[in-house]
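A.B. asks: For reference, the chains in residue letters:
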Amino acid sequence: MNSYGSRPAPTASTFELVAWLFMRLSGVLLLILALGHLVIMHLINDIGKINYEFVAGRWSGELGMLWRGYDWLMLILAMLHGVNGMRTILEDYLSPGRRRILVLTVLYVVSFAFLAAGSYVVFSFRRVM
Amino acid sequence: MTFYRGKEGQWSWFFHRLTGVGVLLFLFAHIIDTMLLGWGPAVYDRVISIYAHPVFRTSEVGLFAAVLYHALNGVRIILVDFWPGAVRHHAKIFYVMMTLFVLSMIPVSYLMLRHIFNE
Chain D
12 MNSYGSRPAP TASTFELVAW LFMRLSGVLL LILALGHLVI MHLINDIGKI NYEFVAGRWS
72 GELGMLWRGY DWLMLILAML HGVNGMRTIL EDYLSPGRRR ILVLTVLYVV SFAFLAAGSY
132 VVFSFRRVM
Chain X
23 MTFYRGKEGQ WSWFFHRLTG VGVLLFLFAH IIDTMLLGWG PAVYDRVISI YAHPVFRTSE
83 VGLFAAVLYH ALNGVRIILV DFWPGAVRHH AKIFYVMMTL FVLSMIPVSY LMLRHIFNE
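So the protein lines, in turn, are chains D and X. All residue numbers for the first sequence refer to the working numbering, where the first residue is 12 and numbers rise by one. All residue numbers for the second sequence refer to the working numbering, where the first residue is 23 and numbers rise by one.
Read the hints as simulated data drawn from the structure, not as lab findings. Some hints here could point you the wrong way.
Claimed, not checked - Label-pair restraints from in silico Cβ distances: (1) D:G59 with X:L47: 22 to 32 Å; (2) X:I54 with D:L113: 22 to 32 Å; (3) X:S81 with D:F65: 17 to 27 Å; (4) X:S71 with D:V139: 14 to 24 Å; (5) X:L47 with D:Y131: 50 to 60 Å.
Each residue gets a CB set at the ideal place from its N, CA and C atoms; glycine is no exception.
With these hints in hand, go ahead and build the complete structure from the sequences.
C.D. replies: In structure tokens:
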């Protein structure tokens, strides 16, 4: 174990190497997307002014699809990055066996359901009066 | 949680995990509140206004801090992983990142908390 708070690139399996690379690549994209989102919503705007009209305006018009794309890319990257991070932590604390499989299955099923629900909202939203 | 002669690497690792789990939990909550858009303006506006409560505004500064810490420490991890020379300076890079963190959080906290006193 190194002491830099980092992890060397795994060599045991292709999946682990891809996951390791994904965490770094998605991390850089999320640095821009998620911090950008926080700056837009909390610093440029005021969270007290954000309401249905704000979201509806942002998700419609000429730039509507661009903002929906931004939000969806951020959603899917954050979910995959978060779930894979959670998997790393759980695999550290749960020894291989039925309990680990059960916990990881619950993680994957719940996060897939949330990802599907979130994606549906981003792309199905239509303004109602 | 086992700590082995905790130095910069250990603490950065611990907080990276803590902030990561915290932000993931918030993501789940944020998906639920965004789903309420489907119930129309009355429902969405009533629920989303909770985020403007002083207790929530203060927590949102914590959320911002968690994302910013995770991002800056993530950059440090990538530097150490991909730039061979960085390993020798990992502790120094950590302190540079934490300085950036503190310097950013001062104006961020002001900008986010000032509304509490303006209401």
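A.B. asks: Starting from the range 22 to 32 Å, see whether the pair G59 (chain D) and L47 (chain X) falls in it by beta-carbon distance.
C.D. replies: Given a distance of about 23 Å, which is inside 22 to 32 Å, the answer is holds.
A.B. asks: 14 to 24 Å was suggested as the range; check whether the CB atoms of S71 (chain X) and V139 (chain D) agree with it.
C.D. replies: holds (19 Å)
A.B. asks: For the range 17 to 27 Å, tell me whether the beta carbons of S81 (chain X) and F65 (chain D) fit it or not.
C.D. replies: Since the Cβ atoms of S81 (chain X) and F65 (chain D) sit about 21 Å apart, the hinted range of 17 to 27 Å holds.
A.B. asks: Verify the CB-CB distance for L47 (chain X) and Y131 (chain D) against the hinted window 50 to 60 Å.
C.D. replies: violated (21 Å)
A.B. asks: Is the gap between the beta carbons of I54 (chain X) and L113 (chain D) within 22 to 32 Å?
C.D. replies: For I54 (chain X) and L113 (chain D) the Cβ distance comes to about 24 Å; the hint holds.
Checked against the numbered hints listed earlier, the structure breaks hint 5 alone; every other hint is satisfied.
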